[in-house]
Amino acid sequence: MWRRYIQVFAIILLAGFSVYSSFQYWAAIRRNLDPAFVINDPQSKWEKRILAINLPSNIGNEIGYVADWDINPNSDPIGQDEEYVLTQYTLAPLIVKRGSGYEWIVGNLTLPQTNDWLNQNFKGADIHYYGWGIYLIHRVKP
Amino acid sequence: MSLLSPAVFILPTLTGALLLHLVWPERKISLLFFKAFLGIGIGLGISSLLYFLYMLLFAGQHWFIFVQIAIVIGLLIAVVWVERKRGGLSLPRWNLTRAQNIFLGIALVIFVISLLSTISYLLRRKQGDWDAWMMYNRSALFVYRGQSNWVAASFSHQMDPIFHPDYPLLLAMNTAWGWQAVGSETPRIPMTQSALFAIACIGILVSALASTKSLGQAALGLIILWGTPTLVNEGAREMADLPLAFFILATGILIYFYVIHQKPALIALAGLTAGLAAWTKNEGSLFVVSAGIAIAVAFLFGNNPELATKQEKTVTSRLGGVVMKFRNSALPVLFRFVLGLAFPLAIVIGFKLFLAPPSDVLSSGPTRSIQQILELPRHLEILQFLGRELFYFGGWTSLIGILPILIIYLLLFRAPVNKEQRPAYIAGITMLAVQLLGDYGVYLITPYDLTWHLSYSIERIVLQVFPLIAFLILSATQIPENIFRSKPLNKDGN
Chain L
1 MWRRYIQVFA
11 IILLAGFSVY
21 SSFQYWAAIR
31 RNLDPAFVIN
41 DPQSKWEKRI
51 LAINLPSNIG
61 NEIGYVADWD
71 INPNSDPIGQ
81 DEEYVLTQYT
91 LAPLIVKRGS
101 GYEWIVGNLT
111 LPQTNDWLNQ
121 NFKGADIHYY
131 GWGIYLIHRV
141 KP
Chain B
1001 MSLLSPAVFI
1011 LPTLTGALLL
1021 HLVWPERKIS
1031 LLFFKAFLGI
1041 GIGLGISSLL
1051 YFLYMLLFAG
1061 QHWFIFVQIA
1071 IVIGLLIAVV
1081 WVERKRGGLS
1091 LPRWNLTRAQ
1101 NIFLGIALVI
1111 FVISLLSTIS
1121 YLLRRKQGDW
1131 DAWMMYNRSA
1141 LFVYRGQSNW
1151 VAASFSHQMD
1161 PIFHPDYPLL
1171 LAMNTAWGWQ
1181 AVGSETPRIP
1191 MTQSALFAIA
1201 CIGILVSALA
1211 STKSLGQAAL
1221 GLIILWGTPT
1231 LVNEGAREMA
1241 DLPLAFFILA
1251 TGILIYFYVI
1261 HQKPALIALA
1271 GLTAGLAAWT
1281 KNEGSLFVVS
1291 AGIAIAVAFL
1301 FGNNPELATK
1311 QEKTVTSRLG
1321 GVVMKFRNSA
1331 LPVLFRFVLG
1341 LAFPLAIVIG
1351 FKLFLAPPSD
1361 VLSSGPTRSI
1371 QQILELPRHL
1381 EILQFLGREL
1391 FYFGGWTSLI
1401 GILPILIIYL
1411 LLFRAPVNKE
1421 QRPAYIAGIT
1431 MLAVQLLGDY
1441 GVYLITPYDL
1451 TWHLSYSIER
1461 IVLQVFPLIA
1471 FLILSATQIP
1481 ENIFRSKPLN
1491 KDGN
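These protein sequence lines map, in sequence, to chains L and B.
To convert, note that position 63 of the first sequence is 63 in this note's numbering; the numbers rise steadily by one, no gaps.
Converting from the second sequence to this note's numbering requires adding 1000 to each position, the first position being numbered 1.
Keep in mind the hints are simulated off the structure, nothing from the lab.
Misleading hints may appear alongside valid ones.
[As the list claims (entries may be wrong)] Calculated cross-link-like contacts (lysine-lysine; reagent style DSS-like; alpha-carbon spacing at most 27 angstroms):
id : chain 1 : residue 1 : chain 2 : residue 2
1  : B       : K1126     : B       : K1263
2  : B       : K1126     : L       : K97
3  : L       : K45       : L       : K97
4  : L       : K123      : L       : K97
5  : B       : K1085     : B       : K1263
6  : B       : K1028     : B       : K1085
7  : L       : K97       : B       : K1352
8  : B       : K1126     : L       : K48
9  : L       : K45       : B       : K1126
10 : B       : K1263     : B       : K1028
11 : L       : K97       : L       : K48
12 : B       : K1419     : B       : K1028
Work out the full structure, taking the sequences as your base and the hints as a guide.
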């Protein structure tokens, strides 16, 4: 008899907890539903920045990518990683490679020392700035 | 556009459901539901495989939708032909008990809340989550935008390995042909696919339990599975872990049904779902091995000794008996399993051999891998992470996760297991054990920082097997109707 009472109690508890956790989760999702919330739809937000770049049609299959982590390796590694992934996502099927050894390079540079770093590393290159720290760098062939 | 995106998935869903009905023409209402939900996943799997072949042969041409329409029409004609001499479908009378009504009511509340959570999440992050941008949707973009150049672009060795171009293409191919069908890169295609897998996963669990146990147990299955925030969350992230969990669960259920119904087609379908798991994610290839071992073990050691053949009984040596039993019991089942597995696995092997760059997991090399395997602290760290995840998994409460609750539930409500059904449980438990052991091995040899790799993926590793664990536990426990009633229900539910 006691076993049965325990079973009834346990099953009610299980169902109750399930309803509670479902409501809790839904409430958490609703709280974060504001489109302005920073983590909402990051891809669309990033796409707007990257698609502002005026890429020429003869760019080839690969493009370089430099970012704050090339100036200061300790600058926000997770955010840098995410922006690199989103850049590759936006520019597919172009292959976006980290590094500056390419003719065309996308720059995602926001640190105060950016201009000095660009002048030092891309002497003679055409550099276009599109806002939000986004650059297109073209190494002019000699 | 908004309705067209979900509508494009009607064709693969019909393909899956009709194919299932053709090879297993069972008409019990709960099994018809089961076939409809399983048809979603199988149909999406088949359409992805076909689009992959199509793109290899006809990249740049846009008539894949007609291939799908032709397949559906062909299957429809075949099903009508098979069904023409059978009588009309008789619907069961719904004499629900009070307990059943209450449980179904609670299940409905949870279904609606969790569906709203899924929709809210999908609308908030239309392109899914990190791994979706990095792998599945990115890969779809390479196929869709690359068109006739898609192979060179998608599998270029120049691509940064963090984008995992070696990952199988089930989700990506479906997203790419979905975009092709509607004519734009709408995020609604991957959103719909993600939600469909979530609903199909719940659907096969619920309808299978309704068929093998009772409506109350089926409702409890929904309450447990979709009352688990981690699972609901994964259903909206557009990643491959829930589709993989779907195929793992489907394989387990089909083996269970094979043990009950003894229809050879069911084990071939289990092979198909295991093969589709391999086309979903790299862990799916491990699952093919897990399922193969599980079937061999289950039908070698799990069969009722009273059913042993005379030949087996007269063999005097123990080893000879095992060999004989393997040949008579396990080998025919394995053969049918391999038959179902052949098509998806051939494509996965072809993809891995000829297109995909090498997997990063094996990039440590044999010497470093052996060194890592011999490091005791690595074992301790993996066990610590795994133990913690198994205890807290699910996001139910901060005190205890759903898995320990299910274990307590099993201890409180366990029901006797028929001897005839033993192979099904042995298969299920072996699958889970081999799969987790394989995942353990991957962590041992991972080239990445172990703590990072564990933190990043351990929850999803447990998620992949969680629906099958829930199914096995609910199959081995008493039905709630009997708990809330003085006289136990008979087999007909009266």
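Hints and how they fare:
1. Between K1126/B and K1263/B, the direct Cα distance comes to roughly 42 angstroms. Violation of the 27 angstroms bound is thereby established for this hinted pair.
2. A hinted pair counts as satisfied when its Cα atoms are at most 27 angstroms apart, and K1126/B with K97/L qualifies at roughly 26 angstroms.
3. Restraint check for K45/L and K97/L: the C-alpha separation of about 21 angstroms stays at or below 27 angstroms, so the hint holds.
4. Restraint check: the Cα-Cα separation between K123/L and K97/L comes to about 21 angstroms, which is no more than 27 angstroms; the hinted pair holds.
5. Restraint check for K1085/B and K1263/B: the C-alpha separation of about 21 angstroms stays at or below 27 angstroms, so the hint holds.
6. Between K1028/B and K1085/B the CA atoms are separated by roughly 17 angstroms; this keeps the pair inside 27 angstroms, and the hint holds.
7. For the hint linking K97/L to K1352/B, the alpha-carbon distance of about 23 angstroms falls within 27 angstroms, and the restraint holds.
8. Restraint check for K1126/B and K48/L: the C-alpha separation of about 15 angstroms stays at or below 27 angstroms, so the hint holds.
9. Among the hinted pairs, K45/L with K1126/B is consistent with the structure: their alpha-carbon atoms are about 11 angstroms apart, no more than 27 angstroms.
10. Restraint check for K1263/B and K1028/B: satisfied, since their Cα atoms lie roughly 15 angstroms apart, inside the 27 angstroms limit.
11. At most 27 angstroms may separate the alpha-carbon atoms for a hinted pair to count; K97/L and K48/L meet this at roughly 20 angstroms.
12. Restraint check for K1419/B and K1028/B: the C-alpha separation of about 24 angstroms stays at or below 27 angstroms, so the hint holds.
Figure legend: structure checked against the earlier numbered hints; the only hint not met is number 1.
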